[in-house]
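Enquirer: Listed in order, the protein sequences are those of chains H and U. Here the numbering used here is used: position 201 in the first sequence is 201, and no number is missing along the way. Here the numbering used here is used: position 23 in the second sequence is 332, and no number is missing along the way.
Honestly, the hints are just simulated from the structure, not real lab data. Be careful, since some hints might not be right.
[Unchecked claim] Sample of chain U residues at the chain H side, in silico, Cβ under 7 Å:
| # | residue |
| --- | --- |
| 1 | MET310 |
| 2 | TYR327 |
| 3 | ARG329 |
| 4 | ALA333 |
| 5 | THR405 |
| 6 | MET407 |
Keep in mind it's a predicted model, so treat the numbers as computed, not measured. Virtual Cβ for every residue (Gly too), placed ideally from N, Cα, C.
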Amino acid sequence: MTAVVEVEDLHKSYGQVERLHGISFQVQAGEILGFLGVNGAGKTTTIEILEGYRSRDGGRVSVLGTDPARANRQWRNRIGLVLQECELDPIYTVRETVSMFARYFKHPTDVQATIDSVGLNEKSDDRIGRLSGGQKRRLDVALGLVGDPEVLFLDEPTTGLDPVARREMWSMIEGLRSAGKTIFLTTHYMDEAEHLADRIIILRAGVIAAQGTPEELSATLGYHTEITFEPSVGFDLERLRAVLGATVTLEASVVRFKTNRVQDDMAVLLDWARREQVVLDKLQAIRPSLDDVFVQLAGEATAAEGATP
Amino acid sequence: MSDAGLALTQTRYALRGYTRDRSALVFTAIFPLILLLLFNAIFKGNTKFDGRNVASGAYYTASIISYVITLVSFGSLLSRITTARERGLLKRFRGTPMPSWIYLVSEIGRTVVVVYVTVALLVVVGAIFYHVHVSVHLLVGLVVYVALGVSCFCSMALALAGVCKTADAASAIGPLAATILSFLSGVFIPTFLMPTWLIDIGKVFPLEHTARGLQSAFLLKGSTGINGLDIGVLIVWTAVALLVASRNFKWEKSGAGST
Numbered sequence: 001m002t003a004v005v006e007v008e009d010l011h012k013s014y015g016q017v018e019r020l021h022g023i024s025f026q027v028q029a030g031e032i033l034g035f036l037g038v039n040g041a042g043k044t045t046t047i048e049i050l051e052g053y054r055s056r057d058g059g060r061v062s063v064l065g066t067d068p069a070r071a072n073r074q075w076r077n078r079i080g081l082v083l084q085e086c087e088l089d090p091i092y093t094v095r096e097t098v099s100m101f102a103r104y105f106k107h108p109t110d111v112q113a114t115i116d117s118v119g120l121n122e123k124s125d126d127r128i129g130r131l132s133g134g135q136k137r138r139l140d141v142a143l144g145l146v147g148d149p150e151v152l153f154l155d156e157p158t159t160g161l162d163p164v165a166r167r168e169m170w171s172m173i174e175g176l177r178s179a180g181k182t183i184f185l186t187t188h189y190m191d192e193a194e195h196l197a198d199r200i201i202i203l204r205a206g207v208i209a210a211q212g213t214p215e216e217l218s219a220t221l222g223y224h225t226e227i228t229f230e231p232s233v234g235f236d237l238e239r240l241r242a243v244l245g246a247t248v249t250l251e252a253s254v255v256r257f258k259t260n261r262v263q264d265d266m267a268v269l270l271d272w273a274r275r276e277q278v279v280l281d282k283l284q285a286i287r288p289s290l291d292d293v294f295v296q297l298a299g300e301a302t303a304a305e306g307a308t309p
Numbered sequence: 310m311s312d313a314g315l316a317l318t319q320t321r322y323a324l325r326g327y328t329r330d331r332s333a334l335v336f337t338a339i340f341p342l343i344l345l346l347l348f349n350a351i352f353k354g355n356t357k358f359d360g361r362n363v364a365s366g367a368y369y370t371a372s373i374i375s376y377v378i379t380l381v382s383f384g385s386l387l388s389r390i391t392t393a394r395e396r397g398l399l400k401r402f403r404g405t406p407m408p409s410w411i412y413l414v415s416e417i418g419r420t421v422v423v424v425y426v427t428v429a430l431l432v433v434v435g436a437i438f439y440h441v442h443v444s445v446h447l448l449v450g451l452v453v454y455v456a457l458g459v460s461c462f463c464s465m466a467l468a469l470a471g472v473c474k475t476a477d478a479a480s481a482i483g484p485l486a487a488t489i490l491s492f493l494s495g496v497f498i499p500t501f502l503m504p505t506w507l508i509d510i511g512k513v514f515p516l517e518h519t520a521r522g523l524q525s526a527f528l529l530k531g532s533t534g535i536n537g538l539d540i541g542v543l544i545v546w547t548a549v550a551l552l553v554a555s556r557n558f559k560w561e562k563s564g565a566g567s568t
């Protein structure tokens, strides 16, 4: 595998405030990397350094073998951008806008095919001012793709979208995976990173807090399935604890416990219920999303940093 | 596609936008036409220019042309560039292989076309209704002063775009400056009605020299109006404005990149 993006000991300060405290990572060719963090964690600073918009204060950065600080036209022909904020001129149609952008690149893709690929084929001749928020965002992606880039930078592509538009964006990005694009995706939604990314980096206050595949992250960060139920009255909590361990809690008539061995513990539970003649109402096993892990990590960051501007 | 070809395509694209933008059409073309009609309805007959009696119709045709140059080259361009910056469009363009200057050239190209078309319209109206006698001298003066005026005010728009933090502020400055300068520069009120000190203030700014040059070409028989002082002042303002613009121009809205 070849690394498309290589970052080593990247530092960046704004005035007296250091925003990135020496982060290092790589993105491999064909990989979708989810770069996750709350607002102010340094996601946009990082992506804008990679995109060549922002200077850095220290460290080594290489995107497609070039230092983005020395971005030239050849390099720009090979990267695609979807910025966090870009309000296109509402007076032009979708097709006009994509065609115009196609002219900026040396080897553009077919304009209509690009519009189709983001699901805007029926909107080709509509003015941008008449598109919904989700459609506008997909047009942004089309503009990022029309230069046929080797690597695509997506800065919070679904922020502000409704759940349906978000799902549509997701399936579109999944389509890009099968096209073999290398994608650097920033997001503050863990479920988005979990759903889309091959690998996730969690950035916290300018430091990489955790990284790995979604599976690796769940393993290292303690990823317990939670089993809950409402037992019929008159059961003995201590005898339940005797078979399932002391972590079993009872709160407002709901019993809950966490496990990494769902099948085994479920068998023990059902066995106990039959013996004790307890009815398990609303029994469910919830596999918590990485979201919980993320919220926990982000919460620690907020507590550590105090009031961030 | 060559860069020159791309600049041309981008300019055509910008002009297509203009033809669809009703408020831009009204503001830059209809509004000056209404001003011309109004001034001529109010000040009928003759006025004085350079100590001579001249037709006020021709006087105001030349004057409104200089007003259009300021309004479109300075006001509209400044507003468009700062709005595009605020929307993140300038930043977006900078992230493509297209050289950034092509965007600015296309916006200036759009401005030049809009100004010349509006000016042509005003000249035709002036020739039909307001005693404008179209001669070779007049046309030479017209082309020269429109070109110099547009260059000067476009440069000033680029300079101010670097200073203005928000598009709201920039959109207010354009019409404000155009209107105040017009009163100082003998555009709305002939200078023989004005106190000398006010005229002297007006002479510092480029609009007075654009207006004077155009009025001379329109009103003085056998004169193109081309003279060293007016042209010199316009060129100096253009050069200074370009210098300021090259040092201060910003592609991203202020406050961006703090996270």
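Enquirer: Are the hints correct? Go through all of them and say.
Expert: Right, here's what the structure says about each hint:
{"no.": "1", "hint": "MET310", "in the structure": "holds, 6 Å"}
{"no.": "2", "hint": "TYR327", "in the structure": "violated, 9 Å"}
{"no.": "3", "hint": "ARG329", "in the structure": "holds, 5 Å"}
{"no.": "4", "hint": "ALA333", "in the structure": "violated, 9 Å"}
{"no.": "5", "hint": "THR405", "in the structure": "holds, 4 Å"}
{"no.": "6", "hint": "MET407", "in the structure": "holds, 4 Å"}
Figure legend: structure checked against the earlier numbered hints; hints not met, in rising order: 2, 4.
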